[in-house]
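Turn these sequences into a full structure, and let the hints steer you where they fit.
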Amino acid sequence: MSEFLIRGWNVAIPEVDIGDDIFVVEDENGTMKRVQVKTSSITERKNAYSAQFQIPVKQLQKISQSPIYYIFIARKDDVWTKPLIIPQVKLFDEIEKNNVGSQHKDYINLYFSYSENKIVCSSQDFTKYIADYSDFPIIEH
Amino acid sequence: MNAIRIIVHKEMDGFTFSILPSVRDFIKNLFPESHPAARVYIGYDMTSGFDVLQSGIEKQIYPTLLGVEKEQLKKQIDKIEFINYQTGNIEKVNP
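Residue numbers (this note's numbering), protein chains in the order written: chain A, 1 to 141; chain B, 1 to 95.
If you are wondering where the hints come from, they were derived from the structure by calculation, not from laboratory data.
Please read all numbers here as calculations on a predicted model, not as lab measurements.
Note that CB positions come from ideal geometry on N, CA and C, so glycine has one too.
Possibly wrong hints are sitting among the right ones.
[Claimed, not checked] Not everything, but these chain B residues come out facing chain A in the computed CB check (under 8 Å): (1) E11; (2) T16; (3) S18; (4) F26; (5) Y44.
[Unchecked claim] Listed below are the simulated DSS-like cross-link pairs for lysine-lysine, each with C-alpha atoms no more than 30 Å apart in a straight line: (6) K90(A) with K75(B); (7) K90(A) with K10(B); (8) K75(B) with K38(A).
Shown next, in the form of structure tokens:
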């Protein structure tokens, strides 16, 4: 939330848990984006570490006029990793086109492997999504 | 077979039609002059009883969402599906 505020966006948290963690709003024009934050602890690997996240299939498939942005953050050595910010449609596309993740019942499991400055999931490079705030440009007030 | 999937999401006061990035790229490759959008939203009065999927709306959706007129699409696209994941239905299959 603080990162969005620093970038000049306004943020709101729903009173009732409806699935979206944060509403991020550009006050001037009313642009609203929905943000879903996913956190995980890491598993150490040799020269790398991994983290697993789950996304409800039904949530991923519902592309509304205000699509979701997923933010994946892992906890390593009492510090949060840089956020991986992926728009819903791009994640959906990766899953459909490149078989990213694995489905189990009503969830898609995403297994991210972190090494140096690279993040890979199901052999697909997700590095470009690290701290990708391009859809949340800094707003000057 | 050249096929396109349009995702339909029914909201309380309208419909959102969207295509995935790979579909946008596919359209751009087939129709280099096109400018496909990510999604379009059609809103309507909640009490109007309007059912957008019964109204032949594809004539408006294709040029707005895909950036290509229906007649052009027919020449190169074998199938266009409108998929509603909420119901699991394929609402329309065109052309």
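Evaluation of the provided hints:
| no. | hint | in the structure |
| --- | --- | --- |
| 1 | E11 | holds (6 Å) |
| 2 | T16 | holds (5 Å) |
| 3 | S18 | holds (5 Å) |
| 4 | F26 | violated (10 Å) |
| 5 | Y44 | violated (13 Å) |
| 6 | K90(A) with K75(B) | holds (28 Å) |
| 7 | K90(A) with K10(B) | holds (20 Å) |
| 8 | K75(B) with K38(A) | violated (44 Å) |
Of the numbered hints stated above, those contradicted by the structure are hints 4, 5 and 8, listed in ascending order.
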